[in-house]
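Each chain is listed here by its residues.
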Amino acid sequence: MDGFSIRTEGLKKDFGPVRALKGVSFDLSAGLLHGLIGSDGAGKTTTMRLLAGLLRPTEGSIVYSGAGGPVSFTEVRRGLAYMPQQPSLYPDLSVEEHLEFFRELYRLEPEDYARRSRELLDITRLEQFRGRRAGLLSGGMYKKLGLICALLRSPSVLLLDEPTNGVDPISRREFWGLLYGLAAGKILILVSTSYMDEAERCARVHLLESGRLLASGEPRSLLKAAGAASFEDIFIKKAVV
Amino acid sequence: MNDTVVPGRGDKGLLRNRVVEVENLTIRFGDFTAVDGVSFSVRKGEIFGFLGANGAGKTTTIRMLCGLLAPTSGVVRVGGLDFDDGGNGIKSIVGYMSQKFTLYDDLTVGENLDFAAGLRKLPAAAAEKRRAELFGMTGFDRPLTAKVSDLPGGIKQELALAAAMLHDPEIVFLDEPTSGVSPAARARFWGLIRRITAVGKTVIVTTHYMDEAEQCGRIALMRAGRIIALGSPDELKDSAFPGPMAEVDFQGSDPAAPIERLRKAPGLLALSPHGMRWHAAFSEGALMDAALSALPVSVRVRKIKPSLEDVFIRLAGGAQ
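Residue numbers (the numbering used here), protein chains in the order written: chain E, -9 to 231; chain X, -3 to 316.
The set of hints was computed from the structure by calculation and includes no laboratory data.
Please note that the accuracy of each hint is not assured.
Said to hold, decoys possible - Label pairs and their computed distance ranges (CB to CB): (1) E:60 <-> X:148: 37 to 45 Å; (2) X:286 <-> E:5: 40 to 48 Å; (3) E:6 <-> X:128: 53 to 61 Å; (4) E:60 <-> X:111: 28 to 36 Å; (5) X:256 <-> E:6: 49 to 57 Å; (6) E:65 <-> X:292: 43 to 51 Å; (7) X:247 <-> E:19: 21 to 29 Å; (8) E:220 <-> X:250: 38 to 46 Å.
Quick caveat, the model's predicted, so the values are computed rather than measured.
Every residue, glycine too, gets a C-beta built ideally from N, C-alpha and C.
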């Protein structure tokens, strides 16, 4: 399957008198890991929610395209997975019951489900906690369960809002290994993060600050252009401008 | 690597001033052993950190130390008190800020603090005086009438800390207090932690941010319910990496083949990606020099000191 691409042009979003996004234009292509980087209030979550179809832009446009040109959002939505910062899970259902619930929701074939759930439980190290209720999981484990639920049906567009916040360093690395594998399979992935080492691992980085796009590009090119030694430096420099 | 416990510096002083003592602490939930024979002590005024992967047993250990969970076996002594009265004595002398629920979003700042004071049965005048002290210390300047749901994440955490310390506890337990908070707010919060310990309080904290863990006096690293290393950040680094370490930057070229060769290099202890670069640890300098000199000329290498993140990856996960 050829992946989807997304182009935003002049994206603006107002919440009452507050303009959260002030004209953001960027391109997201399948097969690459895209990172959305910015401090609190930069507009990352608003951008994610617009791309996921959960908000309507005040101005500007979002164009979704497949191999044959632009496609409707309805077509994209079938393969779109969005994980918010605080995943919406059921505190009284166990890890296993969540997987069963989403299996039915996505109408997954038994073999696909068995392979996929085993793989995801293994990567996230949640296997030994499959009987534990979501409400009793630690913050990091709760995020991992949200991620498993989002990935259970092999999405073609994956939007992850700060998925590794509260996740331990080892699981963060394993999680990024998983994302690389997914990106190679022509999935469009956009991840927001506040970890600068994670930003450096993206193929393309989009820097947001106060609702504006400061820069977009390959991390190494951005470093070179800014004459910065590390990604943290470049971000601070750009954010200050 | 075998499980190691590095003795902390100043253990003699620790013996005199210890406010938390734990011996062979174990808790089981059915067949699952969440904490398995843990022993350590914490001295007065210390910032003591717990690190470990999600599910390693950090929160369960803290909940036993707070008097919220009864251990299956072992000894817990906090401020000289044990579990004889069902943990009630311990609860009265500790403050606890959990990683999940600490404040009521629909209540105001003042209402939340009044509620916390009520739970601790503090007289109104004493609660008000203490609130003013805590606001002074934390620099909290939001109105008492502000609704908690309207506060930014970092400010909420500062308020949660104030609520946990309203009864003036000697020991404060903070379970991932900065999770989901911006880097600037995290730095501010750790400034508060240092101020708390400067006046003689003891702080026991868990975090997944390794830059925060660097600020702890000592750290207990947990894996599968056990403490696998205990010591100051520098002691943990020396213990996990007795030899040198280098940062390897492939400068955009494909690292797959040289990484594969590095993995097989004699004396390699650990190799892991860090952002765009890799960290390679060796058992000795000569072996490192030999391995690095075999890399393509375009690759940039420099010697570095290991970070706590390197330690965590090597010890907590049993990585390569």
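How the hints compare with the structure:
Take residue 60 (chain E) and residue 148 (chain X): their Cβ atoms lie about 39 Å apart, and the range 37 to 45 Å holds. Range check, residue 286 (chain X) to residue 5 (chain E): about 60 Å between beta-carbon atoms, so the 40 to 48 Å window is missed. Checked against the given bound of 53 to 61 Å, the beta carbons of residue 6 (chain E) and residue 128 (chain X), roughly 35 Å apart, lie outside it. A hinted range of 28 to 36 Å for the beta carbons of residue 60 (chain E) and residue 111 (chain X) is inconsistent with their spacing of about 54 Å.
Checked against the hint of 49 to 57 Å, the pair residue 256 (chain X) and residue 6 (chain E) passes, with Cβ atoms roughly 55 Å apart. The given range of 43 to 51 Å is respected by residue 65 (chain E) and residue 292 (chain X), whose C-beta atoms sit roughly 45 Å from each other. The hinted window of 21 to 29 Å between residue 247 (chain X) and residue 19 (chain E) holds, with their beta carbons roughly 24 Å apart. Separated by about 22 Å at the C-beta atoms, residue 220 (chain E) and residue 250 (chain X) break the suggested range of 38 to 46 Å.
When the structure is compared with the earlier hints, violations turn up for hints 2, 3, 4, 8 and for no others.
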